[in-house]
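**Student:** Now for the letters of each chain:
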Amino acid sequence: MAAEELTVQSHIQHHLSNAKMCSVEGEIAFNKACENAGFMTLHVDTLAWSIGLGIIFLMIFRAAAKKATTDVPGKLQCFIEMIIELVSNNVRDTFHGKSKLIAPLALTIFVWIFLMNLMDLIPVDFLPAFAGWVGSTMFGMDSHDVYMKIVPTTDINMTAGLAIGVFLLMIGYSIGMKGVVGFIKELTLQPFSSNNIFAQILLIPFNLLLELIGLFAKPFSLALRLFGNLYAGEMIFILIGVIGLWQLPLHFPWAVFHILVITLQAFVFMMLSIVYLSMASSDSH
Amino acid sequence: MSLNMTLVGELIAFIVFVLFCMKFVWPPLNNAIEARQKRIADGLAAGERAEKDLELAQAKIADELKEAKAQAAEIIAQAKKRAEQTVEEGKQRGEVEREAIIAAGHAEIAAERNRLREELRKQVAVLAVAGAAKIIEREIDQNAHSDIVEKLVAEL
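Top to bottom, those sequences are chains A and B.
Counting from 1, one number per residue, gives the positions in the first sequence under our numbering.
Counting from 1001, one number per residue, gives the positions in the second sequence under our numbering.
Since the hints were made in silico from the structure, they are not lab data.
Take the hints with a grain of salt, since some may be wrong.
Claimed, not checked - Chain A regions said to be covered by chain B (calculated; three or more residues, Cβ under 8 Å):
1) 49-60
2) 84-98
3) 118-128
4) 171-180
5) 257-269
What the hints assert, rightly or not - Simulated pairs of lysine-lysine, DSS-like, Cα-Cα distance not exceeding 25 Å:
6) Lys1023(B) <-> Lys67(A)
7) Lys1069(B) <-> Lys1091(B)
8) Lys1122(B) <-> Lys1151(B)
9) Lys1081(B) <-> Lys1060(B)
10) Lys66(A) <-> Lys1023(B)
11) Lys1080(B) <-> Lys100(A)
12) Lys75(A) <-> Lys1038(B)
13) Lys100(A) <-> Lys1038(B)
14) Lys100(A) <-> Lys66(A)
15) Lys1080(B) <-> Lys75(A)
16) Lys1151(B) <-> Lys1134(B)
17) Lys1080(B) <-> Lys1069(B)
18) Lys1134(B) <-> Lys1122(B)
19) Lys32(A) <-> Lys67(A)
20) Lys1038(B) <-> Lys66(A)
21) Lys1080(B) <-> Lys1091(B)
22) Lys98(A) <-> Lys1069(B)
23) Lys1134(B) <-> Lys98(A)
Positions of the beta carbon are idealized from the N, C-alpha and C atoms, including for glycine.
Chain B extracted, bound-state conformation (with noise of 0.2 Å):
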């Protein structure tokens, strides 16, 4: 019951022991621990993160397609104004078209009828000269007196 070497055995012991404990049963144990609590809290950071992302995502998402319904209304727009446009366009030229047909018929009538009166002018000439000549009888010689005529047929 009285204090005898055994104290120094087992001062010895529990010296040891604690040393073991401290070099190979606490730090890998302890490792393990934070390591993990780290593991879990990362993981948590990052499911938070990935909440986030997603509902940055859903916004974006929801933005973007109120963007392209925007755009399609106002393409559909210009396709409309475009058509119109074309329409308008075709209209005119339409026009355009059939006015400058009507000038060239136009034109064309007026010369037509410049040159068949032309020609008529001539034949007149001529038969007024054979009128005249027939009138006449053969008293006038039809050089000298061509210029007489066609001042004739440029009166009629």
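The following block holds chain A by itself, in its conformation from the complex (with noise of 0.2 Å):
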């Protein structure tokens, strides 16, 4: 890569990929040596930045709460029960029935998936100059083999990740509330059904393919909802970038506007769980 000309295509291409690890013949390799790794492959970047920006959310909400007062509260406090009371608001509104864990989920959710996207507004170039500059001058690498995606929401891996695990609630809820049989029943006995046992039997297969692409359609549309909005949005910021002098007056209209997408894509995702949820662990359909 080294000897390769920069041109405007390796530059966005070297802003798309992710920094990889994997281990090719017991040794770890990373980056381009792990073209062939397959599936055993971890982004670091996404990584990295994904967990540490859940451990500052974490930390910073865990300062709020072991400090949380009932009496006048700080404005750190303030702050994050504004939060609290939007999430906790539209948790009791679309959320019907007792959980301890939707409240909890919903706000982690919706806090992370902003940081991650805020991460977005730094400017494209800034993080992946940098981590090339310490390559280059700390561990001596060509500084176009330092690879550093800093929006962890536009690896899919990331959403998928996020979208799986709502999945696995959806799926532990419904059966939770309804138990094997009655999950069963719902992904085989509808929306189509019928007085007569053998008409019943021979539409069995027509509903419960119907119920399949119902229900694996909701952790696709979460994973790439998210996965899309944010691969886009950072993808005409390095187009932007790529333009010279002119990208000033386009990147700023552009990041304001990108706000509104951060924290929307965000907020939907957290609603569209609780709704995935809600209607998981309701009886009807």
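Fit chain to chain and form the complex, with the hints in mind.
**Tutor:** Take a look at the structure:
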């Protein structure tokens, strides 16, 4: 790559590549060496940024929780309580039934995704360039071989990880509320049913097909919506970044617009998770 | 760009974060919010109650004031009546006493008059005897004729 000419295409390609880590023949290898590692690859940058942001989120909230007082709250506590109220109200309005898990889950989803999306507002070249500089000066690497994608939600693995978490909870709630038999019944005896037992049996495969598509569409839509929005946003930031001096008047409006996308996507992911879990835990379909 | 182990890592991180949030973040914050909401609600209720209490107390004060005024008026009226009564009684007693004194005086005067009359009668008897003796000159024995003289005195 070092000899390769720095083109716009390679620049964009570089921005859209994760820092990979895998094991090749028993040894840990990075980036280019991992091209054939298949599933057994870790995106180090996605993991590091997402877990780091998650820990920041939990540390801030834990600090507020430790000092939580019923007297006049401090400014941090006020701010945290506003977020808690927002999540709590939405959960109360949407999720019918009692659960100690839903509200903290929604809070974690909302704030974590918001923080990860927020990384999109850091100008696209800052941190990758810094990482490249660190790589070349401290480790003697070619700076172009250092990959750093700082927005974890532009990695399908991140969003799919979240969506699968929600999906597992959906299945868990379904089975927990309706039992295994109830869950299977829901998948096979709807939406078409008949009083005639033979017709009912004939309808089972058809129902199962429809319900399974409906079931799996939920995590897919969750993962792809978030990924698609953020990936597209990031892409446009990168494209604006390559046009030279004119990027400044363009970058600003897109960043302002993107603030909306960042918040909205975090909120939508949270709301849909609550809605899906509410549907899973209620009897009426 | 393809799915890989990162997904599993993120899933685990997600689960850990949610569990941490559920255990250590959500309950204290939510409890604090709910406790404060309860305190505010209690405070408002207490304020309302205090206002009602104040109203009741004011009504009670007005009532008591009215009652006290009525009582005072009654006491004054009673005192006036009592004073009048006392004066009347004093007057009556004075009247009675006066009459008693007058009666006593009358009685004393009568007694004195009787005594004087008796004395006079005795002296008249003596005088009569002396006169008769002078008239009759020692003819009359004073002891023998005292009954006649007494009859005479009684006729006086």
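**Student:** Which hints from the list above does the structure break, by number from lowest to highest?
**Tutor:** 3, 4, 5, 7, 9, 11, 15, 19, 22, 23
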